[in-house]
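Taking the hints into account, I'd like the entire structure generated from these sequences.
The residues making up each chain are set out below.
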Amino acid sequence: MSITAQPDVIDRLAGIAADSPVAALRRQKPDLVAFAQGSYDALLEPVRPGEVSLLERHAIAYRVGLLTGFDMVAAQHEGLLRELGAGDDLIEAIAAFPASDGLEPRLAALLRHTDLVTTAPGTAEAEDIAALHAAGLTPAAVVTVGQLIGFLAYQIRAIAVARAFGEETR
Amino acid sequence: MSTRQRPRFSTVPFAWQPWTSTIAESDASPAQWAVLDEVVPAMKTNPYYLLLAHDPEPLRQRTGLFNGIMKGEGGSPRADRELAAVAASRVNGCVYCASVHARAYNQLTGDTEQIQRLLDEGVGTPLGERERAIVNLAVKLTNAPAELGAADLQPLRDLGLSDLEILDITNSAAIFAWANRLLQTLGESTTGDG
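Same order as they appear, the protein sequences are chains X and D. According to my numbering, the first sequence holds residues 1 to 170 in order. According to my numbering, the second sequence holds residues 1001 to 1194 in order.
Treat the hints as calculated values from the structure; they're not laboratory data. Hints are not guaranteed to be accurate.
The calculated lysine-lysine pairs, modelled on DSS-like cross-linking and capped at a C-alpha distance of 30 Å, are [to be verified]:
1. D/LYS1140 <-> X/LYS29
2. D/LYS1044 <-> X/LYS29
3. D/LYS1071 <-> X/LYS29
What follows is the structure, encoded as structure tokens:
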């Protein structure tokens, strides 16, 4: 018997096949799979990106993939950045941040915040949000960016867990 | 940088203050108000949710994910999920989350002593065997997700937990990687009226 499991973004990035035991395990709680995918769609592939552009969203996700050692996350968003027209210079500048020149001040502010929230969330201060406002982000854009970086922190861990189960039940 | 005094970990309820304006201080759209009625009707005046309502769809999806992970039927006992949440929050430094979920754990188990030590001394404090295995997995996933492997699941397997129970525990630690970041980087926990 087979439940027709649709591979979601977490399965794909974890290298989990749709008919694998791990995919079936995750689908014992189908609402969690759906809400995780829904979060991905809302934050990384929104129909109306609004105040935070798709390029900015994928730049943040690319950076999170690099910072956390989740190469497949970095590769996915590098590919999406290139689809949006990003060239080698921009990709390299995001990877080399903060030791990189030529980034727009707004993108530099977003990457600085990405690094802070990903690697040292307990050290954030009100000044860090003020810095995003100074770079032109509205309160709504600040929330979108916070949700995006937070979601990625969840997603890499969900990938790590799927991979760990996959090691055992291959 | 400011030298803000951070509250100590405690089971006392904290308040939370955003570092930017919420939809209550802006020209909010009907959709922004509606998401609060839809997903957090009992907490729609809470500043945290008034802030997150700026972007309705991520709030809708994240709340569904959060509630499903923490309260969903089947899988691990809810106390195990609460313990993983407290461990992740203790490591990340989120006093607000740690307090809420420490109280939930205490209420579910009637055991206040282990959680109090975990809050006071940190995740290395002596715990029972089952509690230790849950905390170890939550801490590993919090601190070093890229290094997680099958060996990290084995101690809970050896204690007789099913794959679904273990998955629930990891999902709790993982959703607190998200929740702790929201609470700690969009505002600050304050003691009572602060």
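Taking the hints in turn, this is what the structure says about them:
1. The hinted pair formed by D/LYS1140 and X/LYS29 meets the criterion: a straight-line CA distance of about 23 Å does not exceed 30 Å.
2. Taken as a hint, the D/LYS1044 and X/LYS29 pair is honoured in the structure, with Cα atoms around 27 Å apart against an allowance of 30 Å.
3. Between D/LYS1071 and X/LYS29 the CA atoms are separated by roughly 12 Å; this keeps the pair inside 30 Å, and the hint holds.
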